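Trainee: Chains as they are written, first to last, in the working numbering: chain A, 1 to 493; chain B, 1 to 501; chain C, 1 to 483.
Honestly, the hints are just simulated from the structure, not real lab data. As the structure is a computational prediction, the values presented were derived from the model and not from experiment. Any given hint might turn out to be false.
Distance windows between CB atoms, simulated [as the list claims (entries may be wrong)]:
{"id": "1", "chain 1": "A", "residue 1": "PRO442", "chain 2": "B", "residue 2": "ALA296", "range": "56 to 66 Å"}
{"id": "2", "chain 1": "A", "residue 1": "LEU490", "chain 2": "C", "residue 2": "PHE465", "range": "36 to 46 Å"}
{"id": "3", "chain 1": "C", "residue 1": "LEU48", "chain 2": "A", "residue 2": "LEU15", "range": "49 to 59 Å"}
{"id": "4", "chain 1": "C", "residue 1": "ILE439", "chain 2": "A", "residue 2": "THR153", "range": "51 to 61 Å"}
{"id": "5", "chain 1": "C", "residue 1": "SER437", "chain 2": "A", "residue 2": "THR153", "range": "25 to 35 Å"}
{"id": "6", "chain 1": "A", "residue 1": "GLN104", "chain 2": "C", "residue 2": "ILE439", "range": "43 to 53 Å"}
{"id": "7", "chain 1": "B", "residue 1": "PRO228", "chain 2": "A", "residue 2": "THR153", "range": "50 to 60 Å"}
In silico negatives: residues of chain C with every beta carbon more than 10 Å from chain A [what the hints assert, rightly or not]:
{"id": "8", "residue": "SER9"}
{"id": "9", "residue": "PRO382"}
{"id": "10", "residue": "VAL409"}
{"id": "11", "residue": "GLU440"}
{"id": "12", "residue": "LEU454"}
{"id": "13", "residue": "GLU471"}
{"id": "14", "residue": "THR474"}
Idealized CB from N, CA, C, for every residue including glycine.
Here's the letter readout for the chains.
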Amino acid sequence: MTPLWSLLFPFAGALAVLLLPARAAALSRVIALAASLGTTIAAASGCLKRLGDTASPVWSLDLEWIPQLGSRFHLAADGLALPLLLLNGIVAIAGVLFSWNITQRPRAFFSLVLAIIGGVSGVFLSRDAFLMFVFYEIVIVPKYLLIVAWGSTNREYGAMKLTMYSIGASALILLGLAAAYAASGSAGFDIAGLAAAGFPKGFQLWAFPVLFLGFVVLAGIWPFHTWAPTGHVAAPTAASMLLAGVVMKLGAYGALCVAMPLFPDGFAFWRPAIAVLAVAGILHGAFTALTRRDLKFVIGYSSVSHMGFILLGMAAATHWGLRGAVLQMISHGIIAGLLFGIAGRVIYERTHTRDLDALQRFNLWKSLPAAAVAFTLASAASMGLPGFSGFVAEVSVLIGLWESYPWLVPLVALGILITGAFTLRALCRTCFPDAAASLAIPVRMPSLTWPETTAIVLLLAVSLAIGLHPSPWISLINDGLDSPVFQPILQRP
Amino acid sequence: MTLLFLTLFPLVGALCLGLSRNVACGRAATAWSAATLVVAALLVRPGMSWSLAWLPDVGMTLRFEADGLSWLFLLLTAVVTLVAVAASWLTGRNDRGYHALVLVLQSALFGVFTARHFIPWFLCWEMTLIPAFLLIRLWGGPAAPQAAMRFFMMTLGGSVFLLVGFLALQLSAGTMDFDSLAALAGEGRLVDALEHGFAATGADGRTLLVLIAVAVLIGIAVKIPIVPFHTWLPSAYAEAPSPVTMLLTGLLSKMGVFALLWIFLPVFAEVLPVFATPLAWLAVATVILGALAALAQTDLKRMLAYSSVNHLGYCVLAVAAAGAAGSARPAMTSAMAGTVLQAINHGIIATALFLGITILEHRSRGRRHIGNFGGLRARMPVFCGCLGIAVFASLGLPGLSGFIGEFLIFNGAFSAVPAATSVCVAGLLLTAVFLLRMMRMVFWGPLKPACATWPDLTKPERALFAVLILLILLPGVWPQMLLHHANPVVLELIDLLRPIP
Amino acid sequence: MFQSLLPESVLVLTALILLGLAVSKRVGAVGAQRVAAAGTLVALALMLRGGGAEPGGTGLILADPLAHLAKSVLLVVGFLALLLPIAPKETEHPGEYHALLLFALTGLMLATGTEHLLMLFISLELGSLSLYLLAGFPRTPRAAEASLKYFLFGAVSAAFLWFGLSLLYGFSGGAMLLDVAARLQSAPDAALAFAGLAMVLAGLAFKLAAAPFHAWAPDVYQGAPATTVALVAAASKVAALVVLLRILITGFDALAGSAAWGAMISGSSMWLAALAAVSMIYGNLLALVQRSVRRLLAYSAIANAGYLLVGLSTNHPSAQAAALTYAVIYSIATLGALAVTAAVERDHGDDSRNAFDGLVHRSPLLAVALLVCLASLAGLPPLAGFTGKFVLFTQSLAAVPSHGLVWLVAIAVVTSAVSLRYYLVIVKHAFAGKPESHIEFKKITFEQGLAVALPALALVVLGLFPSWLLEPVTRVISQLAAR
């Protein structure tokens, strides 16, 4: 099974779900699960094949598309795309499982979810900047509709804000790509080709921030991050999982694989600014999470904080830093998916509140111990405790930071500490409240259903697997970073 | 592999407990930790090791190895956990979550005492955090939430320092393997490596190493704790359920001592002389302030908590002395062997003391104020005898285990840091004062009416005390049984610190 | 020559038949509509069967590839417009109404196929006059206001155009665009030519609904019958753009000037860039606050006129081709959106955003088509509007050396991003709103289904395979430029 299937499965699934007759609507979740599984299997087999044989050229597909624009339908699955595809598949499976009981228009819901998954796969696979941008934008409308039609708290505002930020960022990307196209003499949109074009430095100085900012707004860069918490809070569970889990990664991926290789000189100039913004994001996200009362807000801001590590790794731009950034993309995808799944589905469906103070009354540790255990482990993963994937990623980023900007290390260390604090705060309020705050008699709640348990175990297992045995993932990422497009940006201390 | 088996053994037990329903958890956990003790004592032998390639491309290998010293600490872990679990069970705690968490904690401790590479060591170091936090928070006293939070945040803060420091070492020295780092330091090349690695900053390698050492020391100091990083300790020790306090003082603080001895000393050998004097005076502060604070307490648990601070200060003093430039080999050997003995013995003695508190709490339904007790000698003679032995061991009566460690420490430290050592000896007196005061208040005097109906120790409780007292008496009269295992490692360490010309 | 006028002849013939039927009062609204649609289809078939155009032609009636392409597009647009429902209040004189529609279409078609200044004016005014009448067809105050405004502003713009053309005639001494071009070779900076060009541009900007010549648009869009609005929005815009392209490429290549930042040279490019910037900003900002969907589409039309002018202000064939491509795509999307709006209006009686509430529940087809059309207008993939805008902006940026046009493209890109907001609001009403229960919904007819489904389908197909449209347009424009 080639990685192409990880692109075809979701879109085919979306179409199949849409075409289901109304009376077979219940089948839609099965189809969605099958499509996500297919995506995962295709990605996993791609990963395994690549691991077994890194010498041969990567899988790729290159078709004529829009000759007037010099754009080709060019897909390739290198060591960076493959693990991210796998992440996409895993988060997709978990997202579908956590949405297993959707009853409101399930066909539309699952087809939109699958459309997002397909778009994400497309971005990871694209090697043509225009094609990547197409897939990048495909995700926007499904996101909006999912939030507006199935969302909760303040959904119209959240959806609109998220969408306007996305489209505004896309405008910058469009501008950046168009500028690169023009400057390269209308040579086309092949990323490697553009990267080899060698743009003049003066041009790179303004084109890089435009393109980079366009991408990283979607990665939640401070101070353009405010869409993320609002959007995550408003979104239905599966959408929050996909949003935080993979869609935010699109921004980081685009910045890493398009903006930086295209304009290495611009990147070199703006690198310190990116590092500072990243650290600001880490600290601001963490401190804000410390003060929020809505559980999903806390997780949303924690995402902002964690995404800061990705940017920081990229700003460090050493081998350690870049590798840590990619690893953090994967790790945060898993962990954010897990947190949103537990908070939005497992806890909210049973308590109908996400307010930390209100949650105290339910005392989940007594009324729903399995959820409390799951949330505790997820929190541990989110804090970056060793053994989970977040630790490996953050350690790599930190080493990269030591290499590039040692003076920022103390601030990041503070960020890690605050991350521990707010995670612990949320954990204590939701699962282990003070005896005084909780109801004397625990509320009886339905225990975890099998889709919930499966999804939680899947995500935790992946996070632990990466944390305890990261070497296969690292090998893949190293393989991806060996690509010639990254050599000009790679700093060698 | 046996080592891996031992490490995972409690974890498997925790998993079984967690997933089972309607089991007598206390009994099952006790049985399981007894089995663990058997595994640790009989199957594991010094010299065993296992490793796993973690990030092969940068040479990060997870390495675990048990030498004689580690083995002693493994045994200590197994014993203290067994006593804690059994004491919990005897005092009627049957939550599966509680026992599962204790077993998870034990597993992490096994890892900490055997890891020979920063990553697995840090993994286990941090793995203790959440179980300990939850144990304090969920089963602790009325102020437990705040205490647990403070414990967690301060320890996490320390860990961040540790992490940042070691990452800097990885970067410049290219390794986080303790033995490799120690070897580098022994050859005096770590300073050069740092200077080279951070050439961009233009900083002096020695300064950098000192900075890193300070970061690592802070991480360790929080755990032991050394004044002024001890502020989490009294409330955490006091609010935790007493069996958990046994784990905290008997084992978790030993993680710090072990790290100080086995990691801090060899890795930062090149800059140790810088630290000797400040560390020695911090030790003095720890000893004296710990003792004075203990004097002022009326809550038994708080008093013993400060007493722990006080006792571990001696270990810090010894380490400071061992690092001092002027100390001779025999003095160093004495100081370091003393540290090992003090750590192990304090683990046992503190466990015995807190077992006493557990029983008092159980009998009085949760009271801990010293004024609630009185004249118990008449009512509970066996208990009085057992606790008395522990108390006298704690204040360092010769013939009991507490003496030998402190003696070796003072013996070794005096030549290197005479002033600090002298002040610490005075601390011994203070220790005696508050411990004896406790004995007097609780066991002597008129019998308080509330205490009149309390039964003496039951058979299982006696058995627990018997084991502990045996472990207090034996090393007291025959310290060789511990030194036999510890000495080779200590000598090895000293060779690292003072290469034989 | 007359063979190339066959499609127009068919349209005129059909119009006459309709008038005859109207006199004898033998035709109802639906009947008249079907006859007109059939006539359009026949004309389209003839157009396409005519295959490639004759390259020559006298200039009075040109049959070059551009004319062929433009006329085909206009016929398609006309056909789609004729699928829209006719409201009862507009059906008092169905025969006359549809005859006028066909006349308007004929006029616009003729305008795209001439280089003769007089012919240009006459055919454009044939189209416009018919449209003024059409706008006032319903006997409502709103329609009357729309018609009057349209007429008044139109008259002024016609005066501009007429004056400009006469200046050009006076300048060049010939009535052909090529004469103007030839004269410009010898007198490159004649004030007369500049004045004439400016006047002509102003006149055409009115047809394009570019700000500040847009004031009629919102009222016409809101008050006129749906089919008329469709012609105004789509056909009139495409025709005006083609005329503009012809004038710029064939006649005034020498007076292009430059709109590059820091290197501005007075000329068509600079003026068009200014118009473009104003239109994009004004249209998009005003669209944000509209509650009536038709008015919103009017402001969106103003904004889109701005995007088209961005491509024209480069004076480079690749960007001009991109602009024409985008005009076609825009027309299709607007037609689809209008078709849905008309369907909603038929049931609700008004076109406010709230009328769209819960559209997805009562007709998923309408809702999905609306989503596709609006998303395309907003420029979201995988729809044609996205590719169209992307190509337009990219080529515009690439057309002017050293990123001179980045200021204008930046405005275009940013305002285009802003536009998503007002389109999305409608989508939100359609997908997440609660339908009003008291309104009875009629089943949508086959024609209506076709009118929404065809544009939506076309947008998806053209989005995935943009080359199918881009390739012929690029070829046609480069042929024109190469002449």
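Trainee: Determine for every hint whether it applies to the structure shown.
Mentor: We went through each hint and held it up to the structure:
Separated by about 41 Å at the C-beta atoms, A/PRO442 and B/ALA296 break the suggested range of 56 to 66 Å. One distance hint, 36 to 46 Å for the beta-carbon pair A/LEU490 and C/PHE465, holds here, with the actual separation near 38 Å. At about 32 Å, the beta-carbon gap between C/LEU48 and A/LEU15 misses the expected band of 49 to 59 Å. Evaluation of the 51 to 61 Å hint for C/ILE439 and A/THR153 yields a failure: the beta carbon distance comes to about 30 Å.
For the pair C/SER437 and A/THR153, the beta carbons lie near 27 Å from each other, so the given range of 25 to 35 Å is met. A hinted range of 43 to 53 Å for the beta carbons of A/GLN104 and C/ILE439 is inconsistent with their spacing of about 23 Å. A hinted range of 50 to 60 Å is violated for the C-beta pair B/PRO228 and A/THR153, which are about 44 Å apart. Distance check for C/SER9 against chain A: the nearest CB is about 35 Å away, which clears 10 Å, and the non-interface claim stands.
Here C/PRO382 does not stay apart from chain A, with its beta-carbon only about 6 Å from theirs, under the 10 Å limit. Some Cβ of chain A comes within 10 Å of the Cβ of C/VAL409; the nearest lies about 6 Å off, and the non-interface call is violated. The beta carbon of C/GLU440 is kept farther than 10 Å from every beta carbon of chain A, the shortest such distance being approximately 22 Å. For C/LEU454, the non-interface assignment is confirmed: its Cβ lies about 19 Å from the closest Cβ of chain A, beyond the 10 Å cut-off.
Residue-level check failed: C/GLU471 sits 6 Å from the nearest beta carbon of chain A, not beyond 10 Å. Against the 10 Å criterion, C/THR474 falls within the reach of chain A, whose nearest CB is about 6 Å from its own CB.
Checked against the numbered hints given earlier, this structure breaks hints 1, 3, 4, 6, 7, 9, 10, 13 and 14; the rest are met.
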